[in-house]
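Starting from the known structure of chain C, arrange chain A on it as the hints suggest.
Here is how the chains run, residue by residue.
There are 2 protein chains.
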Amino acid sequence: MSDFSKIAVIGGGSWATAIVKMLSENLENIGWYMRSIYAVEHIKRNKHNPNYLSSAELHPEQLDLSGDINHIVRNYDILIFAIPSAFLNTELEKLTESLDNKIIFSAIKGIVPESGLIVGEHFHQHYKISFENIGVIAGPCHAEEVAMERLSYLTIACQDEQKAKELSKYIKSRYIKTKVSDDIFGTEYAAMLKNIYAIAAGIAHGLGYGDNFQSVLMSNAIREMKRYIKKVHRMKRNINDSVYLGDLLVTGYSIFSRNRTFGNMIGKGYTVKSAMLEMNMVAEGYYATKSAYNINKENGAKTPIIDAVYAILYGKKEAKDVFEKLTNMLD
Amino acid sequence: MSDFSKIAVIGGGSWATAIVKMLSENLENIGWYMRSIYAVEHIKRNKHNPNYLSSAELHPEQLDLSGDINHIVRNYDILIFAIPSAFLNTELEKLTESLDNKIIFSAIKGIVPESGLIVGEHFHQHYKISFENIGVIAGPCHAEEVAMERLSYLTIACQDEQKAKELSKYIKSRYIKTKVSDDIFGTEYAAMLKNIYAIAAGIAHGLGYGDNFQSVLMSNAIREMKRYIKKVHRMKRNINDSVYLGDLLVTGYSIFSRNRTFGNMIGKGYTVKSAMLEMNMVAEGYYATKSAYNINKENGAKTPIIDAVYAILYGKKEAKDVFEKLTNMLD
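Residue numbers (our numbering), protein chains in the order written: chain C, 1 to 331; chain A, 1 to 331.
Here chain C stands alone, though its shape is the one from the complex (with noise of 0.2 Å):
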């Protein structure tokens, strides 16, 4: 029988230190791994992540802070990972614990890129976790504004509810109000295609369309999602719910979003490559799409608005034409 207060957060990053900041509002302990020693004695001594959010203030007397993770794997039975799909598996790599009988909820945003599966199905088939120990922590959400306690909503996602409600009573505050899903696999590919959405948005901003074209862009998308996920899990879920057509909406028009920043310089002309150099980094959205568009190529639900940021992205076709046969595509 897992312990629903033992729960353990993976990842230093933003959304790692949000979390954490979350529980430690109804936590008197927390596991807390993360890669870099130095964040940790950072933290320790100063109260703040060095790296990320370092707005937040945090409590290190209610964290067990490590650079462990076998350490934090072995005494914790919630898991909730929080670092970017492209290092999910260089972090499982070091697991020597065993993961049978953990609870793992996925805060993830992304697919991983080994496998091209979103994470709950990459523990599922690769780690032989059952579905019903599997859950998803989403919603339209900036961890910089659960770092100035801003009211935010966020959805716990499980197929077994009642573990959903239970990770819930420890992420709500104040300024947390959570809701509760059945739905991993809607969750987790709304999160992971709104990046590629936000891509689009960039392009788009990038090549000079206005915020009326960003309008139906958007409307456009939440219907896309909407067949999108339709088709690679039939159920019963309402696509404006703010778990879905929200988190596109926090990241479709956030001048702030990574994704977003990223296809606004493809819309200005920079090559793919020249782009990433200049972020110093890859946005989420880039290897979503070409996960995205391959896992639709069975399912063939029609996805104009994937297919034209692959071309662009993948296809080396240029973003101006692209957009242009987008254009008649949309309504």
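Some hints could be false.
Since the list gives no way to pick one copy over another, a pair counts as held whenever it fits inside one copy or between any two copies.
Said to hold, decoys possible - Straight line, CA to CA, 25 Å or less: simulated DSS-like cross-link-like pairs of lysine-lysine:
| id | residue 1 | residue 2 |
| --- | --- | --- |
| 1 | Lys302 | Lys179 |
| 2 | Lys179 | Lys165 |
| 3 | Lys6 | Lys169 |
| 4 | Lys297 | Lys236 |
| 5 | Lys236 | Lys302 |
| 6 | Lys316 | Lys268 |
| 7 | Lys273 | Lys317 |
| 8 | Lys172 | Lys102 |
| 9 | Lys102 | Lys169 |
| 10 | Lys297 | Lys317 |
| 11 | Lys290 | Lys231 |
| 12 | Lys325 | Lys290 |
| 13 | Lys325 | Lys165 |
| 14 | Lys165 | Lys102 |
| 15 | Lys94 | Lys128 |
| 16 | Lys273 | Lys320 |
| 17 | Lys179 | Lys325 |
| 18 | Lys320 | Lys179 |
| 19 | Lys6 | Lys102 |
| 20 | Lys320 | Lys172 |
| 21 | Lys325 | Lys172 |
Note that these hints are calculated values from the structure, not bench results.
Chain A only, in chain C's frame:
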């Protein structure tokens, strides 16, 4: 038999000017009534509207400009009304010419204050225009971007879809795409309701809520809009089409929206009266809130956002308290 090439625009504001510009791409002669004789003369001489959308170049040789509404109504079959709903009645009172056999398209986003009706219903009830001769021009469209010839998508609605198709031929151009719909009620109510949600977005911003909350608010707003319109006029429609969702987004995310600005002032502590004085105008959404609230009293759709805005604007309730309660009704 109406001649669809005999089109006139009634109104001298930004949206009227934008529509004239669109029509100018396709028509040799366009009737255009505006109240201000000074503006008429200015446009004839200087090819720009002096007061609104001044950046748009106009072509006086294509325009039958007149300060006499009866001259225009007499000579044109298709009348596009594009004046603020608050002034519609004053203009209609000047009519000595009959509206019989005219086809009326409303490009007005709002409620006629004197009747509490959307424009189409107002013409139907007070001028005995049959619904098949009433249409709506709607869509996510800032007039300013039409002036800049940025790609925009409009929806032309009429229960007699053939008429919508006919008009759309003269509206679409290099930078305007059109879609035809038979949902005159849904498109008009959506255009009216979105102003209320823009006020709500402004209030939230004024109170200090952030982007995370804004996305939740918009995601709840579109679900509320769906419930509301379904009660008013039940038919098959996809609320995520651009004319509904896109229109909500282009307004709700616009920092230039007068409704959002009005809400922002209320959220920051201005009284309704002082906000209006400060803005030197009344935001359309102010009237819309009262009408929408009253119409819904009978219909009984669940509308927590409209109710909240109503309580603040008309019930003298504190915005802070009302929104704290509202946050518990959203998800």
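Do the hints match the structure? See the list:
1. Lys302 x Lys179: between (30 Å within a copy, 19 Å between copies)
2. Lys179 x Lys165: Close inside one copy (8 Å), not across copies (44 Å); limit 25 Å.
3. Lys6 x Lys169: Answer is within: at 13 Å inside a copy they meet the 25 Å cutoff, but 65 Å across does not.
4. Lys297 x Lys236: The answer is within: 23 Å in one copy meets 25 Å, while 30 Å across copies does not.
5. Lys236 x Lys302: both (20 Å within a copy, 21 Å between copies)
6. Lys316 x Lys268: Classified as within; 15 Å inside a copy, 49 Å across copies.
7. Lys273 x Lys317: within (14 Å within a copy, 55 Å between copies)
8. Lys172 x Lys102: Within one copy only: 22 Å inside, 58 Å across.
9. Lys102 x Lys169: This pair counts as within: shortest intra-copy Cα distance 18 Å, inter-copy 62 Å.
10. Lys297 x Lys317: For Lys297 and Lys317, only the intra-copy Cα distance (19 Å) is at most 25 Å; the inter-copy one is 54 Å.
11. Lys290 x Lys231: Intra 17 Å, inter 42 Å, cutoff 25 Å: intra-copy only.
12. Lys325 x Lys290: within (20 Å within a copy, 43 Å between copies)
13. Lys325 x Lys165: The answer is between: 23 Å across copies meets 25 Å, while 45 Å in one copy does not.
14. Lys165 x Lys102: within (17 Å within a copy, 60 Å between copies)
15. Lys94 x Lys128: within (17 Å within a copy, 77 Å between copies)
16. Lys273 x Lys320: Within one copy only: 18 Å inside, 48 Å across.
17. Lys179 x Lys325: between (39 Å within a copy, 17 Å between copies)
18. Lys320 x Lys179: between (41 Å within a copy, 23 Å between copies)
19. Lys6 x Lys102: within (11 Å within a copy, 72 Å between copies)
20. Lys320 x Lys172: For Lys320 and Lys172, the Cα distance is within 25 Å only across copies (21 Å; inside one copy 44 Å).
21. Lys325 x Lys172: Classified as between: cross-chain Cα gap 17 Å, same-chain 45 Å, threshold 25 Å.
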